[in-house]
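Participant: The lines below spell out each chain.
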Amino acid sequence: MKTNSPLQWLTSREGIYYLLLALLLLVVLPLTLDAFRLNMVGKYLTYAFAAIGLVMCWGKAGILSLGQGVFFGLGGYCMAMFLKLEASTPEATSNQSTPGIPDFMDWNQITELPGFWQPFHSFSFTLIAVIAVPVLLAFIIGVAMFKRRVGGVYFAIITQAIAAILTILIIGQQGLTGGVNGITDLQTLMGWNIRTDAAKTTLYFVCVGLLFVSLLVARQVQNAKLGRILVAMRDQETRVRFSGYDVASFKVFVFCLAAGLAGIGGALFTLQVGFMSPSFVGIVPSIEMVVFCALGGRYSLLGGVYGALLVNAAKSGFSESFPELWPYAMGALFIGVVLAFPNGLAGLYERYIMPLEKRLPVIGKYLDKDSPEPQAPPVVSDQLSAEKS
Amino acid sequence: MNAQKENFLLAVEGLTVSFDGFKAVDDLSFYLDPKEIRVIIGPNGAGKTTVLDLICGKTRATAGSIRFGGKELTKMKEHQIVHAGVGRKFQNPSVFEDLTVFENLEVSYPQGHTVMGALAFKRDAAVIEAVERIADTIFLSDQLNEPAGLLSHGQKQWLEIGMLLIQKPDLLMLDEPVAGMSVAERKKTAELLRVITRDHTVLVIEHDMQFVGDIADRVTVMHQGKVLSEGSIEHVKKDPKVIEVYLGH
Numbered sequence: 001m002k003t004n005s006p007l008q009w010l011t012s013r014e015g016i017y018y019l020l021l022a023l024l025l026l027v028v029l030p031l032t033l034d035a036f037r038l039n040m041v042g043k044y045l046t047y048a049f050a051a052i053g054l055v056m057c058w059g060k061a062g063i064l065s066l067g068q069g070v071f072f073g074l075g076g077y078c079m080a081m082f083l084k085l086e087a088s089t090p091e092a093t094s095n096q097s098t099p100g101i102p103d104f105m106d107w108n109q110i111t112e113l114p115g116f117w118q119p120f121h122s123f124s125f126t127l128i129a130v131i132a133v134p135v136l137l138a139f140i141i142g143v144a145m146f147k148r149r150v151g152g153v154y155f156a157i158i159t160q161a162i163a164a165i166l167t168i169l170i171i172g173q174q175g176l177t178g179g180v181n182g183i184t185d186l187q188t189l190m191g192w193n194i195r196t197d198a199a200k201t202t203l204y205f206v207c208v209g210l211l212f213v214s215l216l217v218a219r220q221v222q223n224a225k226l227g228r229i230l231v232a233m234r235d236q237e238t239r240v241r242f243s244g245y246d247v248a249s250f251k252v253f254v255f256c257l258a259a260g261l262a263g264i265g266g267a268l269f270t271l272q273v274g275f276m277s278p279s280f281v282g283i284v285p286s287i288e289m290v291v292f293c294a295l296g297g298r299y300s301l302l303g304g305v306y307g308a309l310l311v312n313a314a315k316s317g318f319s320e321s322f323p324e325l326w327p328y329a330m331g332a333l334f335i336g337v338v339l340a341f342p343n344g345l346a347g348l349y350e351r352y353i354m355p356l357e358k359r360l361p362v363i364g365k366y367l368d369k370d371s372p373e374p375q376a377p378p379v380v381s382d383q384l385s386a387e388k389s
Numbered sequence: 390m391n392a393q394k395e396n397f398l399l400a401v402e403g404l405t406v407s408f409d410g411f412k413a414v415d416d417l418s419f420y421l422d423p424k425e426i427r428v429i430i431g432p433n434g435a436g437k438t439t440v441l442d443l444i445c446g447k448t449r450a451t452a453g454s455i456r457f458g459g460k461e462l463t464k465m466k467e468h469q470i471v472h473a474g475v476g477r478k479f480q481n482p483s484v485f486e487d488l489t490v491f492e493n494l495e496v497s498y499p500q501g502h503t504v505m506g507a508l509a510f511k512r513d514a515a516v517i518e519a520v521e522r523i524a525d526t527i528f529l530s531d532q533l534n535e536p537a538g539l540l541s542h543g544q545k546q547w548l549e550i551g552m553l554l555i556q557k558p559d560l561l562m563l564d565e566p567v568a569g570m571s572v573a574e575r576k577k578t579a580e581l582l583r584v585i586t587r588d589h590t591v592l593v594i595e596h597d598m599q600f601v602g603d604i605a606d607r608v609t610v611m612h613q614g615k616v617l618s619e620g621s622i623e624h625v626k627k628d629p630k631v632i633e634v635y636l637g638h
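So the protein lines, in turn, are chains B and P.
Mapping of the first sequence onto the working numbering: residues 1 to 389, in sequence order.
Mapping of the second sequence onto the working numbering: residues 390 to 638, in sequence order.
Derived by calculation from the structure, the hints in this document are not laboratory data.
Built from N, CA and C at the ideal position, the CB exists for glycine as well.
Take these hints with a grain of salt, some might be off.
[Said to hold, decoys possible] Subject to a maximum C-alpha distance of 25 Å in a straight line, what follows is the list of computed PhoX-like cross-link-like pairs (lysine-lysine):
| no. | chain 1 | residue 1 | chain 2 | residue 2 |
| --- | --- | --- | --- | --- |
| 1 | P | LYS464 | B | LYS147 |
| 2 | P | LYS464 | P | LYS412 |
| 3 | P | LYS424 | B | LYS147 |
| 4 | P | LYS460 | P | LYS615 |
| 5 | P | LYS630 | P | LYS424 |
| 6 | P | LYS557 | P | LYS577 |
| 7 | P | LYS630 | P | LYS412 |
| 8 | P | LYS557 | P | LYS466 |
| 9 | B | LYS147 | P | LYS460 |
| 10 | P | LYS447 | B | LYS147 |
| 11 | P | LYS447 | P | LYS460 |
| 12 | P | LYS464 | P | LYS557 |
[Claimed, not checked] Label pairs and their computed distance ranges (CB to CB):
| no. | chain 1 | residue 1 | chain 2 | residue 2 | range |
| --- | --- | --- | --- | --- | --- |
| 13 | P | LEU533 | B | ALA198 | 35 to 45 Å |
| 14 | B | THR201 | P | SER541 | 15 to 25 Å |
| 15 | P | GLY459 | B | ARG351 | 29 to 39 Å |
| 16 | P | PHE411 | B | VAL143 | 30 to 40 Å |
[To be verified] Here are a few chain B residues that sit away from chain P, every Cβ distance over 10 Å (derived from the structure):
| no. | residue |
| --- | --- |
| 17 | GLU112 |
| 18 | LEU176 |
| 19 | THR184 |
| 20 | LEU216 |
| 21 | SER249 |
| 22 | ILE287 |
| 23 | LEU356 |
When you get a sec, could you build the whole thing from the sequences and use the hints?
Facilitator: Here you go:
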C-alpha cells in the first residue's frame, strides 16, 4: 500500500507473485506447449478477465453476479460483428441473394444490414464498444437494482435471469445475431489472418499483456481507498452508508468494472477461437466463471487467474476422457470449495504454504522481511462470509 | 417565532411514523440546543431507536419535520444527512471487521466520499494525524494495525464512536453506548463521552440511570412513541408518570 517505485514493488512479495505468473505465461507455457495447446491456454485466460472482475465484485464487495457471461458475451459479440462484417465483403459473398451482408442474414431473408450493425464497420468503434456495451448494460442494471437496494441473493437471481433472457433473445433473433450457431467463420482482423498458428500465438501474447494490464488496474482499485470501502460494504453496508457514502454508486462502479473486464475477455475469446455463440453467454458459462473465481480464491486477483486456468485445463482434460461426467465433477468441485476451503486456492496457499516459505534457506529470509499483505480476511470472519455466499 | 427556531440545532416537530398502522413514533416534538447533551430514556418499545433512525434517514417519517441547522432532513438521503453533520452510532457495534483500526477510521475520514474521490484519495499527513489523534481519544493507539474483528466488544464500541468523531459531526447520536460493557469499560466510556461532549451536541439513548445522571443536561422520557416528560434528571425522576411507566416505585 505504500507508494514504492515499480522496481521496489517487483521485488516485494506481491511483485514476485506477479513475476512468477508472468514467467509462467510468457516463458514456460510458450516454450513447452505447441501452438494448439497454447491457443487453448489463451482461451482459458480470456475467462480469467471475467474471474478478475468477479474477485473485485464478489470477493471484495460481496456482490455475487451470476450473469458475467452476459458481459463476456457482449464483448465477444461486438468483436465478432466487426470480424463478420470484414469477412462479408460483396466479393466474398457474391453468391448470396444480397451480397455484402453476413451469410446468416442472407439465409434468414434479410436484405439489408440492420442499423445496429452499421457502426461495427469501424475498428475503433468496435474497440470502444467491446468495453462500453457491457459497461453500459451493467450500469443500467446496477442503477436499477442498487439504487433500490436490491442485493444479495435477489441480485444474483436477477443477473442469472438476465443471462437467460439474453441467450433467448440472441437465439430468437436468428437473422440479426446468427441465432444458436452464433457468428461463425471469422477469418481476418484488418486483413490479418487470425487462423494461422503464428497469429494465434501472437494473439496469445496480446491476451497475456492485456491480462496484466487488467490485473494492475484492478490492483490499483483494490489498493485505493475505494478498495477498502468495497470491503467495508461487504461487512457492514449500513455503517458505510452512515459514514457518508452513497453505497449504490460504489456498487454500480464495481459492477461496471467487472462487466468491462469480462467484455475484454469476451473480445479476446472471439479473436482466439474464431467464433462467438450464445453458449458462452448463458447461465452455465456465467456460473462456471463464479467457480473459477471461487476455486482460485475470491479475495485474490491472482487466485482468479489461476482458478480460470486450472478449472479450464481440468475441464478440457476431463472432457476428453469422460465428457458426460464433467458437469458433475464441476458441481462437486464447487461444493467442495465452499465447504472445505471457502477462500479457495489462495486461501490454502496463505494458510499452508506461506508458513513453509520461511524455512527455505535463502528465499525464506528474503520473503520474511517483507511483511505479507493478507489477501483474505482474518480467520474470524471466514465462517460468516461463507454463510453469506 | 421563526427566528427563535433557528437557534436550535435540531428541531423535531410533529414527527410521526407508522408501520402498518402501528405508530412507533406519534406526533413527537423536541428541540436540541447547540452543545447540549440530551438523553432519551424510556421503556422497551417506546420508539427511542426509531427516533434516531428517523433523524439519520434510516427510516422515513410518515409525517412531521426534522430541521437540523436550517436543513430539512426528512427529504434527504442518508449520506447527505451525514454530510450535513449528523453522525449515528448503532446499538450493536458496527465496525468493519476485515479492515484494521486505522483503515476503519480512515474510511470514516470526511474526504473522498465519491467514487472518483475514493480512487484519488491519498493517505497524507493530515489523514494520519487525524486518525492517530482520534485513536488516542478512544484508547486504541496500540491497536491501529489490528483488524477490527479482533477487538473486544467494548473496544469496538469505542472504535465506532471514533469513526463518528473523525467525521466531525455537529450532532452525535449514540444508541446505548455502554450496553454490554464491563464496569471498567463503562467508566472509560463515560470519561470518553465527557471529552466528546465538550464540543459536540449529543443525543444519547441509555438505560443506565447512573450513567444518564452523569452526562445528561436534559432528559427526554419517551413512552409509546410520545414524549412523557422532559427536563433535568431530577425533574423527570420525580415525575409521577415517569415513575409509573419506567422507573418503577
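Participant: May I ask you to check that THR184/B keeps its beta-carbon over 10 Å from the closest beta-carbon of chain P?
Facilitator: holds, 40 Å
Participant: Has the given pair, LYS464/P with LYS147/B, been kept, meaning a C-alpha gap of at most 25 Å?
Facilitator: Given that 25 Å is the threshold and the Cα spacing comes to 16 Å, the pair holds.
Participant: Does LYS615/P sit within 25 Å of LYS460/P, going by the straight-line distance between their CA atoms?
Facilitator: holds, 24 Å
Participant: For the hint 29 to 39 Å, verify it against the beta carbon of GLY459/P and that of ARG351/B.
Facilitator: Since GLY459/P and ARG351/B have Cβ atoms about 55 Å apart, the given range 29 to 39 Å is violated.
Participant: Given a hinted range of 35 to 45 Å, is it respected by the beta-carbon distance of LEU533/P and ALA198/B?
Facilitator: Violated, at about 55 Å.
Participant: Closest CB-CB distance from ILE287/B to chain P, is it above 10 Å?
Facilitator: Since the minimum Cβ distance to chain P is about 26 Å, ILE287/B lies beyond 10 Å and the statement holds.
Participant: Are LYS447/P and LYS147/B close enough, with their CA atoms no more than 25 Å apart?
Facilitator: holds, 15 Å
Participant: Does the claim that GLU112/B lies off the interface hold, with its Cβ farther than 10 Å from every Cβ of chain P?
Facilitator: The claim holds: GLU112/B sits with its nearest Cβ about 42 Å from chain P, beyond 10 Å.
Participant: Straight-line Cα separation of LYS147/B and LYS460/P no greater than 25 Å?
Facilitator: The given pair, whose Cα atoms are some 23 Å apart, holds under the 25 Å limit.
Participant: Is 30 to 40 Å a correct range for the gap between the Cβ atoms of PHE411/P and VAL143/B?
Facilitator: holds, 33 Å
Participant: Between the alpha carbons of LYS464/P and LYS412/P, is the straight-line distance 25 Å or under?
Facilitator: holds, 20 Å
Participant: Is LYS447/P close enough to LYS460/P, meaning Cα to Cα at most 25 Å?
Facilitator: Status holds; Cα separation ~17 Å.
In the structure shown, a violation is registered for the earlier hints numbered 3, 5, 13, 14, 15 and 21, in ascending order.
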